[in-house]
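> The residues making up each chain are set out below.
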Amino acid sequence: KQEVTQIPAALSVPEGENLVLNCSFTDSAIYNLQWFRQDPGKGLTSLLLIQSSQREQTSGRLNASLDKSSGRSTLYIAASQPGDSATYLCAVWHTGFQKLVFGTGTRLLVSP
Amino acid sequence: NAGVMQNPRHLVRRRGQEARLRCSPMKGHSHVYWYRQLPEEGLKFMVYLQKENIIDESGMPKERFSAEFPKEGPSILRIQQVVRGDSAAYFCASSPPLAGGNNEQFFGPGTRLTVL
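So the protein lines, in turn, are chains A and B. Sequential numbering of the first sequence, starting at 2, is according to my numbering. Sequential numbering of the second sequence, starting at 719, is according to my numbering.
Same shape as in the complex, but just chain A:
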């Protein structure tokens, strides 16, 4: 059974800091891994999708890496801003199953 864990559960940083969010999964048989952002009471915004054959993806101030063999991914946010405050969710598409398995998220607060 695929399980996804995100650490830390919550993170509070001052504006301008670089930060790393961690995601681990128990079964390395995945098609891809995706990072989402969710604002309170809102839907999901897809940030980055990493295919199983890839090592990282970048979009603006965001960089996500994937180490499939060790079951880990990190989301790096450079020069954080108050507008980055949200919950960040990691999800894996487990091979052979047509569903995403989500972590419980990291709640990020960036203070001005």
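Keep in mind that the hints were calculated from the coordinates and are not lab data. Glycine included, C-beta positions come from ideal geometry on N, C-alpha and C. Any given hint could turn out to be false.
[What the hints assert, rightly or not] Only some residues are given here: those of chain A computed to face chain B with a beta carbon under 7 Å:
| no. | residue |
| --- | --- |
| 1 | G44 |
| 2 | L50 |
| 3 | K100 |
| 4 | T105 |
[Stated by the list, open to error] Computed, partial: chain A to chain B, Cβ under 10 Å:
| no. | residue |
| --- | --- |
| 5 | V5 |
| 6 | K43 |
| 7 | Q82 |
Since chain A is already given, all that's left is putting chain B on it; use the hints.
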């Protein structure tokens, strides 16, 4: 190309009533997925459908919940005789026909169900 559409965005029901949640996938997408997010919890898979077929309903509660994706029209998630524990955000996602792992699920804005 409009994204995944869900309606209603907010739904209030009293205990014992029925709730119907609708999802229109992105154009060209024939695969629909439903997920539920209980308060303060992560998203959990419920069901995966293709047109006129339920492929995987391993995440659906055994009673009161059903889903369909007819040949014409949106996918419907139906909850009969709702209870307070059904209060949650229900998200729909869609994807194109699956091929070689280069796939992505695109999510709708969700329907927030409140059971009084």
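> Hints first: check each against the structure and report whether it holds.
Now the hints, each set against the structure:
Hint status for G44 (chain A) relative to chain B: holds, with the closest Cβ pair at about 4 Å, below 7 Å. Nearest Cβ of chain B to the Cβ of L50 (chain A): about 5 Å, under the 7 Å cut. The hint holds. With a least beta-carbon distance of about 4 Å to chain B, the hint placing K100 (chain A) at the interface is held under the 7 Å criterion. The criterion of a C-beta within 7 Å of any C-beta in chain B is met by T105 (chain A), whose closest approach is roughly 4 Å, and the hint holds.
Of the supplied interface hints, the one on V5 (chain A) holds, with its beta-carbon coming within about 8 Å of a beta-carbon of chain B, less than 10 Å. Hint status for K43 (chain A): holds, given a least beta-carbon distance of 7 Å to chain B, under 10 Å. For the restraint placing Q82 (chain A) at the interface with chain B, the shortest Cβ-Cβ distance is roughly 24 Å, beyond the 10 Å limit, so the hint is violated.
Hint violations for this structure: number 7 only, all remaining hints satisfied.
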